[in-house]
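Peer 1: What follows is each chain in one-letter form.
Number of protein chains: 2
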Amino acid sequence: MKLYGYWRSSSSWRVRIGLAIKEIDYTYVPIHLVDDGGQQHSEEYRAMNPMRQVPLLQWEEDGQVHRLAQSMAILEYLEEAHPSPSFLAESQARRGRIRQLAELVNSGIQPLQNLAVIQKLKAESDIDARRWCADWIRRGLLAYEQSVADEDGPFSVGDRPTMADACLIPQLYNARRFDVELAELKRLLAIEEACFDHRAFQVSHPDEQPDAAASR
Amino acid sequence: MKLYGYWRSSSSWRVRIGLAIKEIDYTYVPIHLVDDGGQQHSEEYRAMNPMRQVPLLQWEEDGQVHRLAQSMAILEYLEEAHPSPSFLAESQARRGRIRQLAELVNSGIQPLQNLAVIQKLKAESDIDARRWCADWIRRGLLAYEQSVADEDGPFSVGDRPTMADACLIPQLYNARRFDVELAELKRLLAIEEACFDHRAFQVSHPDEQPDAAASR
Numbered sequence: 000m001k002l003y004g005y006w007r008s009s010s011s012w013r014v015r016i017g018l019a020i021k022e023i024d025y026t027y028v029p030i031h032l033v034d035d036g037g038q039q040h041s042e043e044y045r046a047m048n049p050m051r052q053v054p055l056l057q058w059e060e061d062g063q064v065h066r067l068a069q070s071m072a073i074l075e076y077l078e079e080a081h082p083s084p085s086f087l088a089e090s091q092a093r094r095g096r097i098r099q100l101a102e103l104v105n106s107g108i109q110p111l112q113n114l115a116v117i118q119k120l121k122a123e124s125d126i127d128a129r130r131w132c133a134d135w136i137r138r139g140l141l142a143y144e145q146s147v148a149d150e151d152g153p154f155s156v157g158d159r160p161t162m163a164d165a166c167l168i169p170q171l172y173n174a175r176r177f178d179v180e181l182a183e184l185k186r187l188l189a190i191e192e193a194c195f196d197h198r199a200f201q202v203s204h205p206d207e208q209p210d211a212a213a214s215r
Numbered sequence: 000m001k002l003y004g005y006w007r008s009s010s011s012w013r014v015r016i017g018l019a020i021k022e023i024d025y026t027y028v029p030i031h032l033v034d035d036g037g038q039q040h041s042e043e044y045r046a047m048n049p050m051r052q053v054p055l056l057q058w059e060e061d062g063q064v065h066r067l068a069q070s071m072a073i074l075e076y077l078e079e080a081h082p083s084p085s086f087l088a089e090s091q092a093r094r095g096r097i098r099q100l101a102e103l104v105n106s107g108i109q110p111l112q113n114l115a116v117i118q119k120l121k122a123e124s125d126i127d128a129r130r131w132c133a134d135w136i137r138r139g140l141l142a143y144e145q146s147v148a149d150e151d152g153p154f155s156v157g158d159r160p161t162m163a164d165a166c167l168i169p170q171l172y173n174a175r176r177f178d179v180e181l182a183e184l185k186r187l188l189a190i191e192e193a194c195f196d197h198r199a200f201q202v203s204h205p206d207e208q209p210d211a212a213a214s215r
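As given, the protein sequences belong to chains A and B, one line each in that order. For the first sequence, numbering that gives the first Met the number 0 gives the first residue as 0, with consecutive numbering after it. For the second sequence, numbering that gives the first Met the number 0 gives the first residue as 0, with consecutive numbering after it.
Watch out, some of these pointers could steer you wrong.
If several chains are the same, the list does not tell them apart, and a pair holds so long as it fits within one copy or across any two.
[Stated by the list, open to error] Simulated pairs of lysine-lysine, DSBU-like, Cα-Cα distance not exceeding 35 Å:
{"id": "1", "residue 1": "Lys-21", "residue 2": "Lys-185"}
{"id": "2", "residue 1": "Lys-185", "residue 2": "Lys-121"}
{"id": "3", "residue 1": "Lys-21", "residue 2": "Lys-121"}
{"id": "4", "residue 1": "Lys-119", "residue 2": "Lys-185"}
{"id": "5", "residue 1": "Lys-1", "residue 2": "Lys-119"}
Hints listed in this document are in silico derivations from the structure and should not be mistaken for laboratory results.
Use the sequences and the hints to build the structure in full.
Peer 2: So this is what it looks like as structure tokens:
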């Protein structure tokens, strides 16, 4: 398996967490989102993913090359192809809650603070792009905190990491990049601590990726 | 089952399509996103969904009330709870492609053109909000068109409607609201035609909802 990603892309990090939970070996192919005007815009990469985004997973099966973009689609595929250990849950109701939380981040926060949005805001408006991002992140994380108020923990849903945590932890990392105040989000900080006790969240961290050093 | 929704919300429409494909009866509870300053902001609704968004599905099971927000989480739940007829596919590779296309719309287009974003742009910037929405919709739909270039049709993936179509058709409706030029997106227009031959897309259409008439 090959994962096209970027060390600081939160969607790439989600997939690295998923691969690490399932202990799947893969080759990491860095796509630098800023250098060369953004390598995701190259003709070669666009042919693989017309959305010009990372992550992108590639694998061979029955002599065919398969490619899959969109972190949530990739996570669902990994869960189906490698069911154990699961990052969902047994019961349909819990699976629903896990996906709801994952989507709260995936469609409710991340798209509003990604690089393409920041670049467009800076090019076409007088709005403070950092403030814009911080506002959406804070609003979403407050809703996440409320949504897990009745959960027992230590993770977002239950006693092992799920797809929801794979979305939450990278989003908390982004929150700090945008100076979002997190102190009152006590459940989220406790979930974060539980996750970072887990190897999958450590080895997948942006700072541990081969393209991190070269970018700083 | 109860579906809290809004006639013109594209995410609500996705779930109505899913329920109609599976021929599940439900009670529709309109949440007006504009009237009364937006009914999704009411204390009562926020307690059910802290993200203050529609759709929200509610059902009873084993004497317990269950609630699920986020259209993709709801669609996955419906597929698991009522597997037939499926709006996914048998093979993992095809399921992956369907989810990738659904997410292209769900996280790649819709969040950037929804009501909350338009309201924030209008309140805090001098940017043309309609143009902003149209740009993101066009960029995303062009990528969708490229992504299905090798599919045989008549639907996005294969010969029956899937989760991908449940996301695409409401997004095309939004595209027209924002005057996005669609003529060159020939595969998407053909998929749309195939979908509207299907009862599930007809009965779920915004204009057919009880809250449509009252809003005009």
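Peer 1: Each of the hints needs a verdict: does it hold here or not?
Peer 2: We went through each hint and held it up to the structure:
1. Lys-21 with Lys-185: Within one copy, since 28 Å is at most 35 Å while 40 Å is not.
2. Lys-185 with Lys-121: Both, since 33 Å and 33 Å are each at most 35 Å.
3. Lys-21 with Lys-121: neither (39 Å within a copy, 45 Å between copies)
4. Lys-119 with Lys-185: both (34 Å within a copy, 28 Å between copies)
5. Lys-1 with Lys-119: This pair counts as within: shortest intra-copy Cα distance 30 Å, inter-copy 39 Å.
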